[in-house]
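Participant: So the chains spell out like this:
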Amino acid sequence: MKKINIGLPQIIIIGYLLILTISLSFIDIPLIQMINASLIKWAMNGILVLSLVPMINIGVGRNFGLPIGICAGLIGMCIAIELRLESWSGFLVAILMGTVVALVFGGIYSLILNKLKGNEEIVGTFAGFSFIPIMNIFWTLAPFTNRQMLYPVGGQGLRPKISLNQYFGGVLDNAWQVNIGELVIPVGLLLFFAILCLIVHLFFKTKLGTIMMAIAENEAFVRLSGVNINRYRTYAIIFSTALAAIGICVYAQSYGFVELYNGPFMMAFPAVSAILIGGATRKKATIFHALIGAYLYQTTFLLSVPVANALLIPEMSEVIRMIVTNSIILYAFLYEGRLKKNEQV
Amino acid sequence: MEYVLKVENLTKKFEGNYALKDVNLALKKGEIHGLVGANGSGKSTFMHILFGSNYIKDTGGYLGRITIEEENIDINSTAQALEKGIGLVHQEFALLGNLDISSNIKINRENIYPLSEKVLGQEFGIVDKKKNKEDATAVLSKMGVNIDPSITVNDVSINMKQFIEIAREIDNTNLKILMLDEPTASLNQEDTKILLKSLKAIAETGVSVIFVSHRLEEVTKICDRVTVLRDGEVISHYSKEEFEINKIALDMVGIQVVPTKRKRKVQNRDNIISFQDVEVTHGNKVYKKISLDIKRGEVLGITGLAGYGQEIFGYGLMGLYNMKGNVFINEERVMPGNISLISKKGIYMLPDERKEMGLLLGKPIWENMVFGSYEQQKEFLKHPKLKGLSFLNHKVINSYSNRLVEDLNIKVRDIYQPVKELSGGNQQKVCIGRALTMNPEVLFVGEPTRGIDIYSKEIILDMLLKMNEEKGMTIVISSGEVGELKRICDRIVIMYEGEVFDILEPDVDDKVFSLAISGRRVESYEEN
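Which chain is which? The protein sequence lines are U and E, in order. First residue of the first sequence: 1, per our numbering; consecutive thereafter. First residue of the second sequence: 1, per our numbering; consecutive thereafter.
Since the hints were made in silico from the structure, they are not lab data. Don't be surprised by glycine CBs; every beta carbon is placed ideally from N, CA and C. Only true hints are included.
Which residues of chain E face chain U? A few of them, derived with a C-beta cut under 8 Å, are:
id, residue
1, Met318
2, Ile339
3, Ser340
4, Ser343
5, Lys344
6, Met349
7, Pro351
8, Glu356
9, Phe371
10, Gly372
11, Tyr374
12, Leu381
13, Ser390
14, Phe391
15, Leu392
Just chain E, with the same shape it has in the complex:
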């Protein structure tokens, strides 16, 4: 069989970290190829390289060979990718909401009255709207959708927007490879069925499809072959005969059996924070009816696949996402998002986006460690009575920061070094130091070990545990690293499609975890 696309040894580095490492993939003509992997496994990077996205070039380009129909090419720009017949349907919609459907579908491929084209040239030709609409109707009905193409995109449902996105790519007669990033994430069951059916139809016309999804049922249902990525490397290839959801799930998450490091304490404690039927919105994502109790003094892990809402509790409470509903801290009702009040109640968060929100990159280490703690730690001020107008007591702060740097084994020149000069691991240790200074009752931590070397990971996990044991701090960790969570947590919450899917004990079998993460329960596993 003929290969449309061959990718050999594709490698991409972001600031020294491998996003993709020696990835090989061959795509046959007319096949649907599933690409699966956990959060940060490199699926999106892979597609963006093929689509010639700007940021790939801006961060130093890629290494490796890409061959399209026997022709070795170097993809530099999106225009070039489109010309070679590569189309990408983004996870976030890229539609012009104020234009009608047909204009969105025919954008940059508008039909032009032939006479006007001759007189005015292609760029200034008059657009034949009627023909555009006919084309749009044709391509939509090919996908099994019937809708009037003169409706503006803002007025159609999210499901329909997804179809319009795909229709726009299919309308390109030159299309050879269609890449879809989580196309079913925003669709309901009915529409998912229609979409999957139309994808099959598209593939039968000879277009090859790269299908990215977390939903393994869909992947195994429509794909001819599946490639599993983990941490930027290809872990396994499966073809249709070999499909087995459990195996794929295990490959994706890659849990290794690690001896538990922590003795769990007795449960049945009172709730320190309780979320009751809250609704969280962020961008076009809505998480509804979410409830979770956080017990005093526990280490709680929250995990799940990317985009399923592991971070919503901390982010919602701290007002980064819009959270509505009943939240109780120490049985007292609070307004989520009122950060001043919530921090006064002793809640602090170290967000996932360390560089964007967790650190003052240009400021020295000492300031990052003590900033914002001046209220609690009066000795940091020279004249506490002057409140805001007091100078900082640099003598106390310096000795305190030096001690922390030593305790946490942070590799720095001195405490005056700007944080941006530190490595990722050391930056995270500074964050942990900061959390120690703030000394909250409840600490939310997002992805504490992301992008950090193995040695530093252990130190950071140790520090978290130490804070929990010595100070009785309640720690809530949201992370994709199930293996780590299993080692240090008392309970692990599994999020699936924006819901609390299950709460598991960390000593439960690995397979149960992998299944729960991909939205399946033990019963169905046992049935298999």
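One chain only, chain U, in its complex shape:
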């Protein structure tokens, strides 16, 4: 059933990865350490990539409005920090509250997307962009009282970067770590990631899921079967938004900080780029695409930083990162344009 779809982007990225791995041996960085880090990076970003799957599969397109879901997760985490919850309880409350907020945000977001069918991706991009300033006002005005999250001077408004060290930083990363020689496998983190993947995978096997996939393929057909398309689109958008909220919680516990304000601004692009590298199209994405894409994309950048720092000027890695991220998205658009043209008879 599953076909590995190897196209030009996959070949380029795998080639790039190979070059990086080879050049790694010329500088003093042990490969095993890189593998350890890549596993963390994979799951840390993977859920954000996974969160794109429901919206793609119902045909809404790649969710460039990812910051909306991320903001929901950020609110969840802020609530957990406000309550001074530590370790697992903090993490779980953050996820729970984040999901609840995501239900509301997702509902509002779906209203917009359902009104503007056909342009979801561009509308999503701007919905995401314009949502961030609104949230910025919220961050400065929200009545949080935990001094560790407020600006040290003045004591009002949340600070841009809140440390999670005392709360639930690394709670998943460090859970059930298995050491095989120097190789460290973060079983807890990977397990959490795997469970979410499984949930999404199974969801698309249910009646709801099969109807969603049919909507992506042929909306007119599904409508003639008496299905209320917008209702299903709303479900999918909320599902994606909630996953994004969970995704940012996992990301933040790995990263060690909660980044507010403009932190989520550009987060949609790496995620979209990753799932495209995995082989997803505008209307079809599997868990497999998300997994492969997230790993290839994140590992590439993980490796490129030390290599670029050693061999080239230090800023080069960031430049390459931007070029690859955005050109993969551009390539996907061009490729779809060509497919569309061929379909028109």
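Using the hints provided, position chain E relative to the given structure of chain U.
Facilitator: Just chain E now, with coordinates in the frame of chain U:
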């Protein structure tokens, strides 16, 4: 007499189906040549080939010889067709609504101030709007129309738009052949007269006209010769002396006498669906004051020429077209277009556009057969109590689909084969299978046998009849195939120019049918 255009053995295939087959046609200088034929007979394809439309090239081009003024040419693009002096007036308007009339007429042939042309070159020259307007006024008055050419096109009536379209082509001084696709379809009687008169005037200036219309009165009135197409082939040629509307109509529709296959049941049943004075709009087409009663348990046929609204009932009810007005299902008033509600009332439609709306082409056969029926057929779900979150019960679905595939004699590898790999006939059988699964009370079917081989046609018609007889399903078939409708229907509705023209019994004489389809009643036939 000199021939402007000669077409020899013109053939065009779309994915294995012949749209045109060995068509021969010769056009004299200054003549008006009528091209008539039913829905899908290849008239539009013919014109698009001559006009070099993109989609002809994209679908593999055409075969045959086209000669314009003794010169053998190969038409590849619209630009080339225009250069050779071929103009086409589309059925749908191709006008720029925000520009004024003169700009529309002079588009790509704008007058440019000579000095600016010398300095800036042709492309960047400054447009002489005054001269454009003069030209536009001249060409419009040549057609017998007086209007200020500085009005924007959006602000003029549909009639006027049609004149502007034609004026744009006539303004091309190079024009040798003018093709008109249903130019009178959107005109009222008065304007039709003006248009026909100006077409004659245009022809007298030496331009040859190819005139496509369903209205045979007009065709016989202004044309010098007529060619009848049916299923992509030339059926007959007539010249002015031989014109006889009834004969042409019969050639067009091509009814063959086929023994009726079905005994009709007693009528006078109650209405299951009743449309009362509804208005249907779709694009720029408006169908007004339409009423029709559909009786419980009948097989109702709806026919007519293309674009006259055979499909509006199903499409309007299912919200594909915008339908307003009183619709009663089982004497209960419903909002047309509210599909969730209407499907709950047991109404289902298999649309004409099978590939666009009737199938999930990329999905396997089993899914196409059972999709959307999970509500009615609880056994398709593993845990019906979980509702939407339940998995599908593949064991039940598989055995059900395998049985249907066998019953309907669908030629497939297995039920996991994607539907897009099947032939048209087998795809239609999958649609029928789907209708069986949905098991509606009323089934609307659009063009059930279009593009399907003779053998499969019979199976599909049989299945439709079987559903009607065994399950008491009411079936409404809209189709251009009058012969088939006559065999299986209880009543046949004839649509003409967007109105319910007549409702005929299927055993009525063929000639009456052909006349009704071209908008004439029996009385006028008898008068002849």
